[in-house]
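Undergrad: In order, the protein sequence lines correspond to chains R and D.
Position 55, counted from 1, in the first sequence is what my numbering calls 55; the numbers after and before it change by one each time, with no gaps.
Numbers in my numbering are just positions in the second sequence, counted from 1, shifted up by 130.
Mixed in with the good hints, there may be bad ones.
Now the in silico label distances, taken between C-beta atoms and shown as ranges [said to hold, decoys possible]:
1) R:111 / D:185: 26 to 36 Å
2) R:16 / D:181: 22 to 32 Å
3) R:23 / D:212: 44 to 54 Å
4) D:208 / R:28: 31 to 41 Å
Stretch by stretch, here's where chain D covers chain R in the computed footprint (C-beta under 8 Å, at least three residues) [stated by the list, open to error]:
5) 16-26
6) 38-45
7) 55-65
8) 79-91
Since the hints were made in silico from the structure, they are not lab data.
Think of the CB as a built atom: it goes at the ideal place given N, C-alpha and C, for glycine as much as any other residue.
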Amino acid sequence: MGPTKPKERGLEAVDILLNLLCWALMLSGSFFVIVGAFGTYRFPDFWSRLHAASITDSAGVILLLIGMGVYSGLTLITFKLLVIGLFMFITGPTSTHAIANAALVSGLRPPKLNNKTLDDDGPRKPSDTL
Amino acid sequence: MFSITSTAMFIAMLLVLIRLIKGPTLYDRVLAVNSFGTHTVLLIGVMGFLNGRPDFLDIALLYALINFVGTIAILKFFRYRAIGDAMWAPPNPKNED
Numbered sequence: 001m002g003p004t005k006p007k008e009r010g011l012e013a014v015d016i017l018l019n020l021l022c023w024a025l026m027l028s029g030s031f032f033v034i035v036g037a038f039g040t041y042r043f044p045d046f047w048s049r050l051h052a053a054s055i056t057d058s059a060g061v062i063l064l065l066i067g068m069g070v071y072s073g074l075t076l077i078t079f080k081l082l083v084i085g086l087f088m089f090i091t092g093p094t095s096t097h098a099i100a101n102a103a104l105v106s107g108l109r110p111p112k113l114n115n116k117t118l119d120d121d122g123p124r125k126p127s128d129t130l
Numbered sequence: 131m132f133s134i135t136s137t138a139m140f141i142a143m144l145l146v147l148i149r150l151i152k153g154p155t156l157y158d159r160v161l162a163v164n165s166f167g168t169h170t171v172l173l174i175g176v177m178g179f180l181n182g183r184p185d186f187l188d189i190a191l192l193y194a195l196i197n198f199v200g201t202i203a204i205l206k207f208f209r210y211r212a213i214g215d216a217m218w219a220p221p222n223p224k225n226e227d
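With the rest of the complex left out, here is chain R (with noise of 0.2 Å):
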């Protein structure tokens, strides 16, 4: 039994340690989505609103995907979860450029944006609805 006991708190140690690295990705993955989803809520202006979603989009979903993926381990649903963080890391971005391209193309400009910057006949205000 002698020589099996430091193995064994060897162990111990290591599966500790991965807990609390568990832990701490969840929670501040947690935190970046609350804070994404506050300000997709509070912020003022759409385009401030894409910057605040844009955080839930990046660090929330890679936070909260190593987090799953530590505590699964090495098996079929850290590939799985692999997979759903490749696919979000390509289609994330690509879907905040064509929301804010579209909403540039249809008119929608910050406020407080110097309009001679632009050529474009006149900025909306933010509350017009389309």
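Using the hints, position chain D against chain R.
TA: Structure of chain D alone, referenced to chain R:
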């Protein structure tokens, strides 16, 4: 750990849903729908881990796919007022008034 995260996800989804109902412009609503879909993907994964059976990640991946395609389809529809018509061509931007 996962209960805290899922509570945070629920609060975040509630806030995004309020923005979706309240959003003054169309693009605020599309942004809120997209963000809600991202939250849904994460919530499905976290709820699977919370129940101790994380076998629903395929469904989360499916939600991610449908979310992306749906966002692009909504934006395309409101830009051109058509999705994939048979004799459809993008209008020439120089002829637009």
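Undergrad: Could you run down the list of hints and mark each one as holding or not?
TA: Verification of the hints:
1. Checked against the hint of 26 to 36 Å, the C-beta distance between residue 111 of chain R and residue 185 of chain D comes to roughly 48 Å, which is inconsistent with it.
2. Taking the beta carbon of each, residue 16 of chain R and residue 181 of chain D are about 24 Å apart, inside 22 to 32 Å as hinted.
3. Between residue 23 of chain R and residue 212 of chain D, the C-beta spacing of about 50 Å keeps the proposed range 44 to 54 Å intact.
4. Taking the beta carbon of each, residue 208 of chain D and residue 28 of chain R are about 36 Å apart, inside 31 to 41 Å as hinted.
5. Taking a C-beta to C-beta cut-off of 8 Å, the segment 16-26 of chain R contributes 3 residues in contact with chain D, enough for the three needed, and the coverage statement holds.
6. Counting residues of the segment 38-45 of chain R whose beta-carbon sits less than 8 Å from any beta-carbon of chain D gives 3, enough to reach three: the coverage restraint holds.
7. Given as covered by chain D, the segment 55-65 of chain R passes the check, having 6 residues with a CB less than 8 Å from a CB of that chain where 3 are the minimum.
8. Residue count for the segment 79-91 of chain R with a Cβ under 8 Å from a Cβ of chain D: 7. That meets the three needed, and the coverage hint holds.
In this structure, the one hint that does not hold is number 1.
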